[in-house]
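Engineer: Hints are included, so try docking the two chains, each in its own frame, into the full complex.
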Amino acid sequence: MNGLLLRYWLQGRTILLACGLAIFGFMMLRVWTITLLGSEEFREIIKHFKDFEKFSPVPFSQLITYTGRVARTFNEPIVLFVILTWTISRGTDVVAGQINRGTMEMLLGNPVSRSNVYWGHFLVTTSGTLFLSFCAWLGMVVSVNLNSVEEIIQPASLSIPFTTFKIPLSTAEPTILHKPMVDYVHVWDFLPAITVIFAMGFFVAGFAAMVSSFDRYRWRTVGIVIGFVIFQQSLRILAISKPEYNFLLNFTFFNPFDPEGLVNVWTEDPEQFWQFWQYGLEGSIRLSALGCHSILLGLGLFCYLLGHWVFCKRDLPAPL
Amino acid sequence: MAFVETNQLSKSFGSLSALADCSLTIDQGTVFGLLGPNGAGKSTLLRLLMGFMTPSSGHASIQGFDCQTESLQVRLITSYLPGDARLDRQYRGKQVIRLFTTLRPDGCTDKALEIADFLELDLQRRVGSMSTGMRQKLAVTITLANDAPLIIMDEPTANLDPTVRQQILRLLRHKRDEGKTILFSSHVLDEVESISDTVGFLKQGKLITMADLSTLRNHHRLTGVLDNDLPSIPDTLTDQLVIIQQVENRVTLEVQGDILESLDWLRQTGLSEISIEPVRLRSLYEAIHPERKEFKQ
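Order-wise, the sequence lines are chains A and B.
Those letters in the first sequence? Residues 3 to 322, by our numbering.
Those letters in the second sequence? Residues 92 to 388, by our numbering.
The shape of chain B in the complex, shown without the other chains (with noise of 0.2 Å):
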């Protein structure tokens, strides 16, 4: 069974829908990354899931708990970190880390300290005084200082130099080689792709498509410069060879797979000035969601 289930979620505020007809499984032990840009739902799911929200249709489950009429034992298991993560302003660090910590069956306030220790956090200051980086390591440290078996991360390393950036990966790889399912947003391609399993990428509140990470990392984008028509790919290859653009004389193709037997064909086609390159997340991402217009002043 899967450890996070949706089924046709839904959420529209009035006509403006934010999330639409939603359906994907995380298996237990994974580490799922959300892409998406801005307003493509992916936080409103994220919520959905926390039961803040009642959805306009469809359903949701963490661990067989209804999102919605089981609110409470989905927390029980879940350890949340909002988007936009805010403290009370009037306590030092170590009051709200001792305040969150009680609020939790499975909460730990030595694992905090040692958390806090970890991303150089100063405990002793006022959550009011704090920069708004520094709050939102204070944030994931509450965050990452319990045992539950799901964590839920809304852009966990919005704000964030690229040191601490780093830490909070090593963090969250930490918790996945204990055994913990992972379920975060971001905008940045680069961590998502170090550390997740399976991403889901979010448009216009639509699950456009979801990839497994490890097939990905097999993928490779081929290019190069041919004077004549390509031929057509042979039976034995056109389970792994794509072709993806052919502009005037230059080819571009994607390869699945092991890429020697490709290469050995294409090499007969007459290609030359060949480059080969990974293919990335962010080609995914590309594709999903094209570039913008120039911007003309």
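Pulled out of the complex, with its shape left as it was, chain A reads as follows (with noise of 0.2 Å):
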């Protein structure tokens, strides 16, 4: 088993070592961008896209906290992305990728069960979809701690009441503090983001396991898998655009992997956090912790399930 792990950890340190640079970077850079735009502007620009608040995972009232901007950070194409190449990748290669490539005949001539190619092909890439999901906390971390922002401090003025208006009562002007943004996020608020980005991660490389254990070709493998990952996004587009559609939200897995949402409940609403469920004030349920990370794990346990099942009972294929 040491030498299948080492050979597929070997395989795939280039296209993990990358990605974890990349998603560490990314997210230090992205994390940055906020401190460039400070909470009282970002409350300006975004109540002109009230309409737009139902594509919004989470309400706008904590989108404009520095702890809902980074926790947005975590929903980025850019992350997604990198998760996806490493787990497509790597998932797809299982049995596929072994087969097209003409290794796996050489490989099992040798006293390797078939489970253990399988399995330790599963521990390599659980590994690596872990270390990403650690190097994009690392990331945040590190940029939460560089960076500071930028806080205004107007001068004291009388609000009249039942109108927008206010008088000031100073010339002076508005006074800008600068503090370090550590002060105004907890970087352990994030460990929700983190766990169900690894458990999206590992639901996307289970089932891209098991479309594997059935093809032969993995360029046909990679792109039934993408195809799945880009309908089931339509799914959730479609889904948050009319109410009407909102039940297609049951049939994609891009609704238990809410990051944002599982975020703000940690830091809201810590009791609803271990629940399947969460109730929001409007009568609203959605999926809590213990419901997006039980889905998304446990699709990804049953795929590989099935595809370790596949892939030992099948004819192995001569290298074309």
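Hints were generated in silico from the structure; no laboratory data involved.
Remember, predicted model here, so these are calculated numbers, not experimental data.
The beta carbon of each residue, even a glycine, is placed where N, CA and C say it ideally should be.
Under the rule of at most 30 Å between Cα atoms (straight-line distance), these lysine-lysine pairs were calculated in the DSS-like manner:
#: 1; chain 1: B; residue 1: 297; chain 2: A; residue 2: 315
#: 2; chain 1: B; residue 1: 271; chain 2: B; residue 2: 185
#: 3; chain 1: A; residue 1: 181; chain 2: A; residue 2: 168
#: 4; chain 1: A; residue 1: 168; chain 2: A; residue 2: 49
#: 5; chain 1: A; residue 1: 315; chain 2: B; residue 2: 294
#: 6; chain 1: B; residue 1: 266; chain 2: B; residue 2: 297
Computed from the model, here is a short list of chain B residues facing chain A with C-beta under 10 Å:
#: 7; residue: 135
#: 8; residue: 141
#: 9; residue: 165
#: 10; residue: 175
#: 11; residue: 189
#: 12; residue: 191
#: 13; residue: 193
#: 14; residue: 198
#: 15; residue: 237
Structural biologist: Okay, here's the thing in structure tokens:
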């Protein structure tokens, strides 16, 4: 087994390290961009987009806080892209990739069980996904600790009741304070975002491994998995576009992949965090941490087990 | 008990029968050569023995282990070289050897390095930059660098130059002398003849015949010209003399065993212009797989 693990690590190390560096760098940069725009300015901008709040996984009130804005970075397409690159590249390799390259026959000519081949690959892929999730978190932590944010303190003013007018009580300029970002953001609050990114990666890797177990061409496996991801994202977009299509959320894995929502419930309502469902003020029901994680990890494990069963039963075709 | 045994082993892919009712036995410490044209079912038979495929019917076992249900035990006692051996292209030769020798409890890196040195293989090169022949040499090195009692090789000398072919045959003879059982397929009749104890001929998925090469080496083909009809063969020679062909006045006979006894009788029949040649594997092969039609432009 050690030989197998070493082999898979050597095969995947370049892409893993490249993905790790990319996600770390992106998170550092993305968190830094948050500091360029103060919360007040951001509030001004975001109020023009009130109609689009339904597309946001968290209320805008949460989104304008530094915590909400940092949580948003975990749902950026680049993060998704990096995780998908790793999980699809490794997941599709487990059977179809090795058959396609012709190396499977040489490998299984040795006293190595198919289970070891499969689960060895699983261990390396899963560890890699965990590593990438950690890199995303680490990039955020480094950036939060290195950067500071501006806080503008307006001179005292008197608000006129029932109007939006304010009468300044002083002619002084607003005071600008530079405070470390870490004063506003607690890095441990983002652990739910990391774990759900890992869970999503685990599911996609499991799905890719399952498709790979049926197939003998890697390019076809990659195509099927990418097509599936695009289809699932399209379902999500359709589901949140119109209320009558809302039920479609039940059929996409992007529904339980909700890093912002989980950070929100973790910081705002920790009691609901450990439940399967969370209940909103307007009677809305959505998945909570237990629901999101168990669905993604459970489906991922199911895919892995099905893939293992298929791989152990199937004929291995001769190299092409 | 036979070391390798197949019983009515068959494999079909849809309507295509790749192997049909193949029954054979191979004794421990012997070398078995598998012959047949492309698509005859040689690789299918070897891959069924390795447990890569489920047979459509029949049964195969190696040292008593079922090739299907006890595949891991089978592979523990078997060293296998695929027909199209491919290795991870990004690694250097030495890395590949290390990776593969760690996969076997009896794998020996030093032994592999020794074989690689014998085959004059540059292990510093990456597999991706090796020629087809070099990759084949590397795969053969990996296959022979262990102590498995059974070696299965699917066309081990494919893509190799005559010198390296001879080197590999020497390695195989060395393994045979160590008491290993060897099962290999090839298209090169001379090399099969030079090291095999038994050969099996496959044709269109069927095992047509098996021949013991030690017996075959005592076979001779005798051709001559006879003006009269050939008299009937005396009872004392019927066991060793067979008329193969008689076209006009040219007669071809096959003699098994001591040729002198038959020659005495043939001289009395008036046979002239006699030519004698040993019956070799090629004769058998051509009898089973006659030459195809000539290509007409």
